[in-house]
Amino acid sequence: IQQQFKAVLAQDDRAMQQIGRWLDESREVRRKDPSFAFELGQQIRQRLKKVRIAYEEYLKHHPDHIGARSAFASFLTCTRDEKGALTQWNRVLLSDDKNAAAWNNLANHYGSLALEGDRRDYIQRAFNAYDQALAITPDEPLYHNNLAVALGLEGFRRVAAAHYQIPEDKLPERALDHFKKCHALAPDDFVYAADLAEAYLSVRPLRKAKAHAMWQKARKLTKDPRQLQWVELQVAFLEIEDGQYAKAELLLKKVTDPTLNSLKAKVAAAMQAVRKQ
1 IQQQFKAVLA QDDRAMQQIG RWLDESREVR RKDPSFAFEL GQQIRQRLKK
51 VRIAYEEYLK HHPDHIGARS AFASFLTCTR DEKGALTQWN RVLLSDDKNA
101 AAWNNLANHY GSLALEGDRR DYIQRAFNAY DQALAITPDE PLYHNNLAVA
151 LGLEGFRRVA AAHYQIPEDK LPERALDHFK KCHALAPDDF VYAADLAEAY
201 LSVRPLRKAK AHAMWQKARK LTKDPRQLQW VELQVAFLEI EDGQYAKAEL
251 LLKKVTDPTL NSLKAKVAAA MQAVRKQ
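The numbering used here applies: residue 1 is where the sequence shown begins, and numbers increase by one.
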């Protein structure tokens, strides 16, 4: 049974790698030739269909295999079949309602569907699922991070406030608490440290000293130049808030990664606007 499962996983992996190569190698051709893009889309759909059939055949014979059903749900997410993935995560939880990872993934799916279709009931279900995941595994940093992010989504605020029975203006503080727990559980993770530093900017009154100190911690955890330059942009924003324009300009000069040009321009524009005031 496990060998068959591993074979399906290997088929899934090969398909994703092959599709990735197709897309990389054909980027210029697809841009110039819409008919080629259509044909490639058809080819990708056929490739994915074979993997889907492999999962469905396996689960037909082993319907209670939680690993296979979870993997199928992840596959369906990658193929943008959110409703199909939702069905699979629910099937996982029917077999194992103490599966924290499944609750977390179910919450993410409900959140995605809510964003796409403006479904308040899905938002409510997302928070219920996040609560279940954390109740089962309270020391998983990812679950705290995901819930904190959901609390900050503009379209989720009214439902979140009602769900946790707090005023909407207290949601940033609640999200900050989860970001803090996340960082405490994984103190060496750059992304979690950066998320916590950024979360301080949403709390009022603004805690600039706390945010600045957290960005310094995040800076020490960077693993590549782009991460470091992204931190410099965030710190530049704080320097602008303090009226330290010379410091902000020095930080902006350090940002040379072209993928950050848009954000760099926004920070520079913010500085010009404040100076005019």
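Don't take each hint at face value.
[What the hints assert, rightly or not] What follows is a list of derived Cβ distance ranges for each label pair:
(1) 120 <-> 22: 36 to 42 Å
(2) 275 <-> 224: 40 to 46 Å
(3) 224 <-> 62: 22 to 28 Å
(4) 17 <-> 241: 27 to 33 Å
(5) 242 <-> 36: 37 to 43 Å
(6) 265 <-> 41: 32 to 38 Å
(7) 16 <-> 241: 39 to 45 Å
(8) 67 <-> 265: 27 to 33 Å
(9) 27 <-> 120: 37 to 43 Å
(10) 27 <-> 243: 32 to 38 Å
[What the hints assert, rightly or not] Okay, derived cross-link-like pairs now, BS3-like style, lysine-lysine, Cα gap no bigger than 25 Å in a straight line:
(11) 208 <-> 247
(12) 208 <-> 253
(13) 60 <-> 50
(14) 254 <-> 210
(15) 210 <-> 170
(16) 170 <-> 220
(17) 50 <-> 6
These are calculated hints, taken from the structure and not from any lab test.
The structure presented is a predicted model; accordingly, all values stated were derived computationally and were not measured.
Glycine residues also receive a C-beta, built at the ideal position from the N, C-alpha and C atoms.
Consistency of the hints with the structure:
1. 120 <-> 22: 36 to 42 Å: Holds - the Cβ-Cβ distance for residue 120 and residue 22, about 39 Å, lies within 36 to 42 Å.
2. 275 <-> 224: 40 to 46 Å: Given a distance of about 32 Å, which is not inside 40 to 46 Å, the answer is violated.
3. 224 <-> 62: 22 to 28 Å: Given range 22 to 28 Å: violated, Cβ gap about 42 Å.
4. 17 <-> 241: 27 to 33 Å: At 45 Å between Cβs, range violated.
5. 242 <-> 36: 37 to 43 Å: 53 Å, violated
6. 265 <-> 41: 32 to 38 Å: 34 Å, holds
7. 16 <-> 241: 39 to 45 Å: Given a distance of about 43 Å, which is inside 39 to 45 Å, the answer is holds.
8. 67 <-> 265: 27 to 33 Å: 46 Å, violated
9. 27 <-> 120: 37 to 43 Å: 39 Å, holds
10. 27 <-> 243: 32 to 38 Å: At roughly 45 Å between Cβ atoms, residue 243 and residue 27 fall outside 32 to 38 Å, so the hint is violated.
11. 208 <-> 247: 15 Å, holds
12. 208 <-> 253: 22 Å, holds
13. 60 <-> 50: 15 Å, holds
14. 254 <-> 210: Distance of about 23 Å is within 25 Å: holds.
15. 210 <-> 170: 18 Å, holds
16. 170 <-> 220: Violated - the C-alpha atoms of residue 220 and residue 170 are around 30 Å apart, more than 25 Å.
17. 50 <-> 6: At roughly 16 Å apart (the allowed maximum being 25 Å), residue 6 and residue 50 satisfy the hint.
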